[in-house]
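Student: Sequence:
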Amino acid sequence: MLDSGYTNITNIDASSVCIKKMQELYNDKPNLKYILMNVCDMREFTNEEFDLIIDKACLDSIVVITRASYIYVFIKHYSHF
Numbered sequence: 001m002l003d004s005g006y007t008n009i010t011n012i013d014a015s016s017v018c019i020k021k022m023q024e025l026y027n028d029k030p031n032l033k034y035i036l037m038n039v040c041d042m043r044e045f046t047n048e049e050f051d052l053i054i055d056k057a058c059l060d061s062i063v064v065i066t067r068a069s070y071i072y073v074f075i076k077h078y079s080h081f
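Each residue of the sequence shown is one higher than the one before, counting from 1 in full-length UniProt numbering.
Honestly, the hints are just simulated from the structure, not real lab data. Positions of the beta carbon are idealized from the N, C-alpha and C atoms, including for glycine. Treat the hints loosely; a few may be bogus.
Stated by the list, open to error - Between beta-carbon pairs, the in silico distance windows are:
| no. | residue 1 | residue 2 | range |
| --- | --- | --- | --- |
| 1 | Glu49 | Tyr26 | 19 to 27 Å |
| 2 | Leu36 | Met1 | 17 to 25 Å |
| 3 | Val39 | Ile75 | 33 to 41 Å |
| 4 | Asp3 | Ile75 | 33 to 41 Å |
| 5 | Phe50 | Asp3 | 13 to 21 Å |
| 6 | Met22 | Ser69 | 28 to 36 Å |
| 7 | Val17 | Val73 | 31 to 39 Å |
| 8 | Glu44 | Ile71 | 36 to 44 Å |
| 9 | Asn47 | His77 | 46 to 54 Å |
| 10 | Ile35 | Val73 | 35 to 43 Å |
| 11 | Glu48 | Tyr26 | 24 to 32 Å |
| 12 | Leu36 | His77 | 40 to 48 Å |
What the hints assert, rightly or not - Listed below are the simulated EDC-like cross-link pairs for lysine to aspartate or glutamate, each with C-alpha atoms no more than 20 Å apart in a straight line:
| no. | residue 1 | residue 2 |
| --- | --- | --- |
| 13 | Lys56 | Asp13 |
| 14 | Lys33 | Asp13 |
| 15 | Lys33 | Asp55 |
| 16 | Lys33 | Asp51 |
| 17 | Lys33 | Glu44 |
| 18 | Lys33 | Glu48 |
| 19 | Lys56 | Asp41 |
Model the full assembly from the supplied sequences, consistent with the hints where possible.
Tutor: Below is the structure:
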C-alpha cells in the first residue's frame, strides 16, 4: 500500500513478536505505525478515523476456502476408497 501512495498506515497486531519483527523489517518506512492491541477492542480510535481497513484474517480465510474447494475436487477425482 505504501508503494501505491498510501500514507499514514496503521498496523495492529496482538502479538508483540509480530510487531517487533515488522518494526525491524520496515524501520526505514516512517509512514508505517505499529500498535500492539487486540483488534476486538479499538476504543483507542475515533469513529471514521480510517479510510480503509484490511483484515488479514479475512483474506486468509478466503484463501483457505479456495484451497479447500480445490482439495475437495482433487480428492473426489483422484481418490479410490
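Student: None of the hints should be skipped; say for each whether it holds.
Tutor: Okay, the hints, checked on the actual structure:
Remark: the range hint 19 to 27 Å for Glu49 to Tyr26 is upheld by a beta-carbon distance near 21 Å. In this structure the supplied range 17 to 25 Å holds for Leu36 paired with Met1, their Cβ-Cβ distance being about 20 Å. Taking the beta carbon of each, Val39 and Ile75 are about 34 Å apart, inside 33 to 41 Å as hinted. A C-beta distance of roughly 39 Å is found between Asp3 and Ile75, which places it inside the suggested range of 33 to 41 Å.
One distance hint, 13 to 21 Å for the beta-carbon pair Phe50 and Asp3, holds here, with the actual separation near 19 Å. In this structure the hint that Met22 and Ser69 lie 28 to 36 Å apart at CB holds, the actual value being about 31 Å. Look at Val17 against Val73: about 37 Å separates their beta carbons, and that is inside 31 to 39 Å. In this structure, Glu44 and Ile71 meet the distance hint of 36 to 44 Å, their C-beta atoms being roughly 40 Å apart.
Under the hint 46 to 54 Å, the C-beta atoms of Asn47 and His77, about 50 Å apart, fit the expected range. Range check, Ile35 to Val73: Cβ separation about 41 Å, and the 35 to 43 Å hint holds. A hinted range of 24 to 32 Å holds for the C-beta pair Glu48 and Tyr26, which are about 26 Å apart. A hinted range of 40 to 48 Å holds for the C-beta pair Leu36 and His77, which are about 46 Å apart.
Distance restraint check for Lys56 and Asp13: the Cα-Cα separation of roughly 10 Å lies within the 20 Å cut-off, and the hinted pair is therefore satisfied. Under the criterion of a C-alpha separation no larger than 20 Å, the hint pairing Lys33 with Asp13 is consistent with the structure, at around 11 Å. Among the hinted pairs, Lys33 with Asp55 is consistent with the structure: their alpha-carbon atoms are about 16 Å apart, no more than 20 Å. Taking the CA atoms of Lys33 and Asp51, the gap is near 15 Å; set against the 20 Å cutoff, the hint holds.
The straight-line distance between the Cα atoms of Lys33 and Glu44 is roughly 14 Å, inside the 20 Å bound, and the hint therefore holds. Under the criterion of a C-alpha separation no larger than 20 Å, the hint pairing Lys33 with Glu48 is consistent with the structure, at around 18 Å. Between Lys56 and Asp41, the direct Cα distance comes to roughly 17 Å. Compliance with the 20 Å bound is thereby established for this hinted pair.
Of the numbered hints stated above, none is contradicted by the structure.
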